[in-house]
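Taking the working numbering, the leading residue of the first sequence gets 93, the next gets one more, and so forth.
Keep in mind the hints are simulated off the structure, nothing from the lab. Bear in mind the structure is a predicted one, so any value in this text is a computation, not a measurement. Errors might be hidden in some of the hints.
Below, a list of computed lysine-lysine pairs in the BS3-like style, where the Cα atoms sit at most 25 Å apart [as the list claims (entries may be wrong)]: (1) Lys-94 / Lys-193; (2) Lys-471 / Lys-408; (3) Lys-500 / Lys-546; (4) Lys-423 / Lys-206; (5) Lys-211 / Lys-485; (6) Lys-479 / Lys-423; (7) Lys-98 / Lys-130; (8) Lys-394 / Lys-367; (9) Lys-148 / Lys-130; (10) Lys-331 / Lys-343; (11) Lys-483 / Lys-500.
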Amino acid sequence: MKDQLKKLIEQSLLDLIASGALPEIDLPEIQIERTKDKAHGDFACNIAMMLARTAKMNPRQIATHIVEVVANADFITKVDIAGPGFINFTLSADSAQQIVKDVLAAGNQFGQSKIGAGKRAQVEFVSANPTGPLHVGHGRGAAYGSVVSSLLSEIGFDVHREYYVNDAGRQMDILATSVWLRYLTACGEQFTFPSNAYKGDYVLDIAAALKNDLGDELSRASLEVFANVPDDEPQGGDKELHIDALIVNAKALLGEAEYRNVFDLGLNSIIAGIKEDLMDFGADYDEWFSERSLMESGDVDKAIEQLKASNVLYEKDGAWWFKSTDYGDEKDRVVVRDNGQTTYFASDIAYHLNKFNRGFDTIIDVWGSDHHGYIPRVKASLTAMGKDQEKLKVLLVQFAVLYRGAEKIAMSTRSGQFVTLKELREEIGKDAARFFYVMRGADQHMDFDLELAKSQSNDNPVYYVQYAHARVCSVFRQLAERGLSWDAKQGEANLNCLTEDHELALFTALSRYSEIIETAALNYTPHILAHYLIDLARDFHTYYNAHHFIVDDIELSQARLTLISAVKQVIENGLGVIGVSAPESM
RNA sequence: GCGCCUGUAGCUCAGUUGGAUAGAGUACCAGUUUCCGAAACUGGGGGUCACAGGUUCGAUUCCUGUCAGGCGCACCA
Numbered sequence: 093m094k095d096q097l098k099k100l101i102e103q104s105l106l107d108l109i110a111s112g113a114l115p116e117i118d119l120p121e122i123q124i125e126r127t128k129d130k131a132h133g134d135f136a137c138n139i140a141m142m143l144a145r146t147a148k149m150n151p152r153q154i155a156t157h158i159v160e161v162v163a164n165a166d167f168i169t170k171v172d173i174a175g176p177g178f179i180n181f182t183l184s185a186d187s188a189q190q191i192v193k194d195v196l197a198a199g200n201q202f203g204q205s206k207i208g209a210g211k212r213a214q215v216e217f218v219s220a221n222p223t224g225p226l227h228v229g230h231g232r233g234a235a236y237g238s239v240v241s242s243l244l245s246e247i248g249f250d251v252h253r254e255y256y257v258n259d260a261g262r263q264m265d266i267l268a269t270s271v272w273l274r275y276l277t278a279c280g281e282q283f284t285f286p287s288n289a290y291k292g293d294y295v296l297d298i299a300a301a302l303k304n305d306l307g308d309e310l311s312r313a314s315l316e317v318f319a320n321v322p323d324d325e326p327q328g329g330d331k332e333l334h335i336d337a338l339i340v341n342a343k344a345l346l347g348e349a350e351y352r353n354v355f356d357l358g359l360n361s362i363i364a365g366i367k368e369d370l371m372d373f374g375a376d377y378d379e380w381f382s383e384r385s386l387m388e389s390g391d392v393d394k395a396i397e398q399l400k401a402s403n404v405l406y407e408k409d410g411a412w413w414f415k416s417t418d419y420g421d422e423k424d425r426v427v428v429r430d431n432g433q434t435t436y437f438a439s440d441i442a443y444h445l446n447k448f449n450r451g452f453d454t455i456i457d458v459w460g461s462d463h464h465g466y467i468p469r470v471k472a473s474l475t476a477m478g479k480d481q482e483k484l485k486v487l488l489v490q491f492a493v494l495y496r497g498a499e500k501i502a503m504s505t506r507s508g509q510f511v512t513l514k515e516l517r518e519e520i521g522k523d524a525a526r527f528f529y530v531m532r533g534a535d536q537h538m539d540f541d542l543e544l545a546k547s548q549s550n551d552n553p554v555y556y557v558q559y560a561h562a563r564v565c566s567v568f569r570q571l572a573e574r575g576l577s578w579d580a581k582q583g584e585a586n587l588n589c590l591t592e593d594h595e596l597a598l599f600t601a602l603s604r605y606s607e608i609i610e611t612a613a614l615n616y617t618p619h620i621l622a623h624y625l626i627d628l629a630r631d632f633h634t635y636y637n638a639h640h641f642i643v644d645d646i647e648l649s650q651a652r653l654t655l656i657s658a659v660k661q662v663i664e665n666g667l668g669v670i671g672v673s674a675p676e677s678m
């Protein structure tokens, strides 16, 4: 509809210039927007004001000319000029009703478009280190990433959802060592558990499984384990040096193969849990991409060689540095440490190179906002390797600060104090949790009060939207109970019976849906879809309270049933994109 | 100190990319059910859009500065 209006105005302007009513000027992009106030009609255009300056004419005068030419278009009943020079359009009844037929004809495909047809997008999200279960902090990224993916899919993109598994590096060594030390305790060894090791109960579970499988086979005397290990922090030492020395001893005492077994047991068990949590939370993936595979396949080394060949690496203090300052970063970054190990950044360079080489048109990284300082160096590396860094969109998700009542909950994976995603889902449900997360803009800091979400779960907006859907279903159940039925064809033929303000408002609301999907997808802003659904539900509830649908006037009744059927369809589609169920009764 | 994000009703947040009289929810107050589900609806009060300048027909929106909060500034991941 916007496009039709745009073309109409464009043509009228060309006509006016040709006839000399307007001077020869360049035409700007014509903007059509929906009116905030229905007293202003359905759509408004500000073109007269935009042209006022270049045409050196009064905006209202320009508008008058445009209106004269445009007024006789068949899908418009009224055009008028308002305020400083807005041109307001009111749609004809036929053209407003059409949306109901469109919704029902398209069914669960309504809202889809082909904007992204033929294009491939990759969305990487969550990608939490597999050192422990997902907690509520990851929930926002999971909800956001999965809805962004669905939105892109709705507008025609071929979407590839991916989780980057950081299964290499020091943090994972700490986890493996934590598991082993708990196992040693289970075998009867006595020592103080390191302050910097992972202390969560899940580590105990993994250690218990290890003990169950292998008995005391991997047990070593604590004197050996702690040989030449410097004091831990509580004893006046350095917690980092303490844990690093323990890792070295663990590898030496167990040997490479056994150490790897312990490592993999911890890794696999945690990844399995993460996969399960995400699936239960409605975040599905096409691929789990392993960092270790990138190192073992030599891709990391190849990426480093490529950078060396491009002359953007240099050696200093025994390490290899990437000259990211040449590409706008604050400082240069190490890719190979003086001990010969590649850094996480090196893996990430190789990973992004791999993504680009897979031929995606758009590559999206959903990161926690604490990683924002990381963006310049990743983009720098891509530019240095001759890639178009504009293809990479890094979407930052701000933290959700957890409260229990007025009390802020401090969370730390290391200390084992956190509310897991699973607990959240069990407490308030997947639907409420997802909707709640997605309702706020991603760049908005968010207060998540667990008690509020739990105690007021009936007031949660998600129920408001779901209830609208259930209410429509209930009307149709009632219809059947009365021995009546809905005839869609008859309803569609009588849509012009629908002249109440509430009905006209619903026509408008329904017709906004496709625009909302498009805008939300292109701007990566799922929250506008959530808000739209609340608005649509409100329009429906208001209508419900003001009018009856099952009435004696059979034509009117069929028309109303047809309208609410379309509302039901759109709510179902919208909730589906967000990953929330649309129950038939609640 | 530097960089990124944020600042809108008592509280939680929208604000269609610069438009018309800044909106919802919640909380508070007053109402609505012999009638398709009251998890709903109707009405009411509540604002220096953090502050100060600038850009223009027009600024909550864009620019600059100040103040306040969050996050980040590793040879960790």
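Review point. What are the numbers of the hints the structure violates, in ascending order?
Key: 4, 8, 9 and 11
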